[in-house]
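Asks: Residue numbers (the working numbering), protein chains in the order written: chain A, 1 to 323; chain B, 1 to 559.
No lab work stands behind these hints: they were computed from the structure. Note that CB positions come from ideal geometry on N, CA and C, so glycine has one too. Errors might be hidden in some of the hints.
What the hints assert, rightly or not - Pairs of lysine to aspartate or glutamate, EDC-like flavour, derived with a Cα cap of 16 Å:
1. A:88 - A:303
2. B:422 - A:303
3. B:511 - A:110
4. B:511 - A:287
5. A:296 - A:233
6. B:328 - A:282
7. B:186 - B:294
8. A:88 - A:110
9. B:356 - A:47
10. A:246 - A:102
11. A:246 - A:97
12. A:34 - A:272
13. B:64 - B:48
14. A:220 - A:287
15. A:34 - B:177
16. A:220 - A:272
17. A:111 - A:146
18. A:34 - A:65
Stated by the list, open to error - Partial list, derived from the structure: chain A residues whose beta carbon lies under 8 Å from chain B:
19. 40
20. 42
21. 182
22. 184
23. 186
24. 187
25. 220
As the list claims (entries may be wrong) - Quick list of simulated restraints, FRET-style, between CB atoms:
26. B:422 - A:293: 41 to 47 Å
27. A:233 - B:48: 49 to 55 Å
28. A:63 - B:422: 40 to 46 Å
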Amino acid sequence: MLVGLLVGLFGLAALAEKELLMIYTSVPIEIMTKIEEAFEAAHPDIDLQIYRSGTGKVTAKIAAEREAGQIQADLIWVADYSYFEELKAADLLYAYESSQADQLLPAFVDKDYCYYAARVICMVIAYNTTLVSPNEAPRTWLDLLDPRWAGVLTMANPQYSGAVKVLITALAHRYGIVYFEGLRANDIAIVRGNSKAAAEVAAGAYDVGVTLDYIVRNNKAQGSPIDLLYPEDGAVMIPSPIGIVKTSDHIAAAERFLDFVLSPEGQQAIVELGSFIPVRSDVPLPEGAPSLDELKVLDVPLDYLMRNKDYYTDEFVRIVMEQ
Amino acid sequence: MRPKLRMHHLIFTVAVLILLVLVGLPLGLLFYKSFVREGALTLANYSEVFSDQRNYLPFWNTVKLGFWTVALATALGLPLGWLVARTDLPGRGMLELLCLLPYMLPPFIGAIAWTQLLAPRVGYINKLWMLITHSRSSLFNLYTFEGMVWVLGMYTFPFVFITVRGALARMNPSLEEVARISGAGKLRVLKDITIPLVLPSIMAGMILAFLYAISNFGVPALIGMRGRVFVVTTQIFWYVYQHADFTGIRLATSLSVILVGVAGLVLWLNRWVLSRQHGAAIISGKSVRPTIVELGRWKYTIAVTVHLLIAFLVLAPLVSVFLSSFLKAWGLPIRWENLTVRNYRYILFEYSLTRKAILNSLMLAVSAATSVTLIGGVLAYITVKTKIRGRQALDLLSTLPHAIPGTVVALAMILAWSGQFKVNLYNTFWIILVAYIARYMFYGFRNISASLVQIHPSLEEAARISGASWVHNFRDIVVPLIKPGLIAGWLLVFMPTLRELTVSILLYGPKTPTISVAVFELQDAGYYHIAAALSALIVVVLLICNYIARKLIGLGIRS
């Protein structure tokens, strides 16, 4: 008991010397801890604290904290890019012109410098390579509705994953809400997040899954029998933005993290540690990833996304997820 | 004498106030809020609960889950209790140990463990089946209602086992002997004498199992939610978790009050049935030698079968957790080249969440156990050793948060301590600690009461006559005498709080994860192999703590 207390006190004392920087993010924790290590090695005076959860949970948390008066995060880095437009409209983001701003691809910089895409991720189709051969694998989003995949499909929950929220809005935009009914008819299993969807496919619990490209690349690199394909009717491309919270007490430290993530070294680290697609053209792509020019994208207009994503999420829950 | 008198009154008042603020206030507020909408008293929240399928289905599932879990727990616990208490089965000690093992572990670890065995297509048993039959589909699907019943049954049968074994061992054998001498056959004795006599105990065990099942969160969350089967605890979790802005809390409060209602109804039914029995004197507390049934030539066949069966049910899931904890990725076949200790290195040294969680849980468990021992000690003293009016209410207040589901306690804490009374503890260490203290006050209170009852008043009287103040008397006479009870009580709070999930999952903040929350998050995020490593670690720590607790309590009784 005493030992426990002492260890606790020493732990607290050791942390107290550094500046604490809190980031709320949906970047998978395994990757985020590696980014943390790289950042802290370069900035030893800062202790980066991570709160990691799905975009849905992070945004709900921020909403609750706003209501209570103070957002506890210094930085926000989630998948749903339309959310940053909402934050910006509510005047919650701190405008910072990063020293890296002019080096990035223009599409990934907010014109008022309120947020920057710091990685590009894509919703794609993944399949287990021991259960499904590359020729058999579904090639389009519509192929997923083929009865052949009934009972062996999985994807993540849009209430949790911001990327899935964008995906289902894009799919409904393109194919209509009847697409959700097709997924239900195929008895698609809804798991919490995209990492889990990929893990289940890699383990062979399901033949085919809908998940994020970098997660599949990471699993594949670790030796799991999983591969991905960018659907022929278009992958859903998600520039995942990062922004500084206006009310933060650690603006200077937050700026340093932002600069780090957007710098060539930071982007290089992001490619190597997370297999993300970088937002700079001077950083090489991760192995097996398409360049952004070649990538066929299933587009959804930003205003359509902002107006309809919550409606489609509710409909998805009602049609696909309820008992 | 005067100032000293005030001193101990002050201590009493403080302890009672703490209990009122920690328990009375939040639960009262929860109850009140469930009847309020827009400032007016109404039943609207309840009618809304029952007009929405998303709410009444979970409610119905909860009742069904409780019922079937009890059925399974009884089917296992009853015969096992009888075998251990009343037969000459070889290896009864071993069997007893196996039956008690699940009791020491939290069911969410069980859910993780059974996932390793029975998850469709990837659980080890299903894999084996698919390998043998060359089938592409699985034998079992854990992610179903039946899957929840199965896992909860595995973790509740010890309740029935313990109560049945205890009652059978303490039963006065002369009644059965009289019946047999009067010419009744073995079955007749069982039907007319034994079963009616132990029925109250069987019922008590069944009720514990029922309450445990309907208030459990980990199993329905890790198994049921996956198969689209929601129960009340997971529905409340989903409301709070998804709407962190409290929009769902209104419905959640009504759901909780209904859940408490079910629990209360069951407890009341139990009392009513017991009050119609007159078995108190027949099952005596004194040690008697019960008649032992000889199993005859079937003895060894039964012994081997039962041992193998129970060892499989209890140990196989644990073994699979340990195996998976060494895998590089989940689903890989268990071969030498796929094994690694990286998962352990990761949770212990690399991953800040698990490191923070281990530290946080340790601090919480130590603080909760210490607070409960201190406050519970004073409260127990008041109830047992004084004649202060209203002391029975203390008993009720300290038992209440234990009898009602943890989810409800957590919800009450959120309502009371997130700014309602100008105190905002939401997302902090303190709200978890407060909830733990409220929920586990029962253990401290009961244990210390039991020890206090055994102290003869003459000892304290002697101290007081010799001029010792109340504080001196408490410090020099009472505390040393009940020391084993205090230590046991401390450990009985320390162990469950170290791995508490149901309350923590609703109350943790970004800076205050607990070990169980970390396991839950890892499992729910799909890092099965890493979750397995952390689970394995918890299992080892809990088993060691249990061993130490047993040694300490054993020593205490002897000295």
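Asks: Of all the hints given earlier, name the ones this structure violates by number, lowest first.
Replies: 2, 3, 4, 6, 10, 13, 15, 17, 18, 19, 20, 21, 22, 23, 24, 25, 26, 27 and 28
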